[in-house]
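**Student:** Line by line, the protein sequences give chains L and U.
Here our numbering is used: the first residue of the first sequence is 1, the next is one more, and so on.
Here our numbering is used: the first residue of the second sequence is 1, the next is one more, and so on.
Hints should not be assumed to be uniformly reliable.
If you want the footprint, here are the derived chain U segments under chain L, 3+ residues with CB under 8 Å [what the hints assert, rightly or not]:
1) 8–15
2) 24–37
3) 45–56
4) 89–103
5) 141–151
A short, non-exhaustive set of chain U residues, derived as facing chain L with CB atoms under 10 Å [unchecked claim]:
6) Gln154
7) Ala155
8) Ala200
Hints in this document: simulated from the structure, not taken from any laboratory.
Think of the CB as a built atom: it goes at the ideal place given N, C-alpha and C, for glycine as much as any other residue.
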Amino acid sequence: MTLTTDRAALDDWYVVGISADVTPQAPRRTRLLGQDIDVTRGPDGRAVVRMVGGAGDGLLCRSEERYGFVWTTFGTPGRGIFPLDEAAEPDRRLVTCGMVEVAASGLRLVENFLDMAHFPFVHTDILGALDKPEVEQYQAEIRADVDEVWATNCRFWQPLAAATSTGGQTSHYVYRVVTPFNVLLYKTCPEAPERFDAIALFIQPVEADRSIAYPLMVVIDSVNADADIVMFQQKIFLQDRMILENQRPRTLPLDPRAEIPTRADLSSVAYRRWLKTKSLGYGTYEYAGA
Amino acid sequence: MTTVALVLHNHDLLADAYKVRLLLALLGLDYQRATVGILPGDGADEPAYRMLNPAGSVPTLVDGEVVLTRPEAMLVHLAERYDPAGTWLPVDPAVRALVFDWLFFAAGDLGAAEDARLASMLGVAPRRADAFAAARRAFRVLEGHLVGRHLDGQAFFAGDGPTIADVAIFPAVALAADFGLGMEEFPRLLVWARRIHGLAGFVTAPGVREVV
Chain L
1 MTLTTDRAAL DDWYVVGISA DVTPQAPRRT RLLGQDIDVT RGPDGRAVVR
51 MVGGAGDGLL CRSEERYGFV WTTFGTPGRG IFPLDEAAEP DRRLVTCGMV
101 EVAASGLRLV ENFLDMAHFP FVHTDILGAL DKPEVEQYQA EIRADVDEVW
151 ATNCRFWQPL AAATSTGGQT SHYVYRVVTP FNVLLYKTCP EAPERFDAIA
201 LFIQPVEADR SIAYPLMVVI DSVNADADIV MFQQKIFLQD RMILENQRPR
251 TLPLDPRAEI PTRADLSSVA YRRWLKTKSL GYGTYEYAGA
Chain U
1 MTTVALVLHN HDLLADAYKV RLLLALLGLD YQRATVGILP GDGADEPAYR
51 MLNPAGSVPT LVDGEVVLTR PEAMLVHLAE RYDPAGTWLP VDPAVRALVF
101 DWLFFAAGDL GAAEDARLAS MLGVAPRRAD AFAAARRAFR VLEGHLVGRH
151 LDGQAFFAGD GPTIADVAIF PAVALAADFG LGMEEFPRLL VWARRIHGLA
201 GFVTAPGVRE VV
């Protein structure tokens, strides 16, 4: 594997490890955008990311720690790591929920995260119920001022919306794609219905069709142990994983002729259009049916 | 539901824990669940948990005075204690011996499937070399046995109906897609898995399809 030359992919920030797991004693060997890297901690306690092998062997990469994760970039991102204001609210718990490897493009993972239509079928009796499959009308837009994709006014009936749930609720969702490989959502918090829980999915694109997903919960939850919050999120994500690994092609087609969207796919249409404007090729599928 | 003082120290993602939850559900037993903080986390290394289960394996089943740390032993215990009719662990010596044979297979060779699965999903270092190939070999043994059973007019691993042998084997089979083992090689296993899905009280686990 060699490092991609895709400029749009290089010029961005990516999660490459969970801060708490990165210690000088346990350096993490992993791969980002086709390039092997070591993630470790220097004598001053700061995270260090270094390329291993290839033309850049031994090169130090820019790195930062934010929201419980180690982030790095190989290029020159146009902006810093995106803001996530909820992470600073004192009554919220910030729970990193491990990592899951998926044999699919990271862009597929983001698109799955944006999709509500699969809830009843993939997360049966948790995030959706088989007798209530309808996706009500919602809005999706590319917000040019912040360069993000948003989907708003999303509503879905959920039997067990979160680890804190004691019964069903109509969850209100707002989705926010902050970079091509990082996405988050805000949804009705069962414990504080006037506020929103934030759930993020940060993706490390290992290769064009392989990813590591890191879910992050920024929630108001005074009841559950971390272990239960983590397990709830891991369960949900592993249900997604079996669908994701069966999607073909494993990379994401951006050509509007490649697949036929329905009204429920509005957010996916906006996302794909946004990716095209960025000229991102990494993790996308070259449609040959033109 | 019968009310009993059963506690399962559980993690929803483990095939070994799913075996036990599945039998508890099939028997209609009520129980408490305590989540062990692993995958990620070192909850299995906490002193309180090690007091209960010195090897630090998950799950652990506590039934009053009885504390069990091996899922197949839990299945035997639950069947003997809560299924006096002997449906799940028949009293007939020949059938009973066959059930035990498959329980040991589930605890032994078939463990490769969970190794391959946890490595593929979560990057957990496998306990054996080439777990995928070992899992595939174990699946061929299962398929071969079911073909023979089918020719004898039988649908389950031992005896005339489902037993705890089927319960012990089901999770590995149902979760095979998690590590990319295609079921097209194992048609009898697929048919058998559908029968398990159809049992009264059947429950799924993450990664196990609700609808087949």
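**Student:** Just pull the numbers of the violated hints for me, sorted ascending.
**Tutor:** 3, 4, 5, 6, 7 and 8
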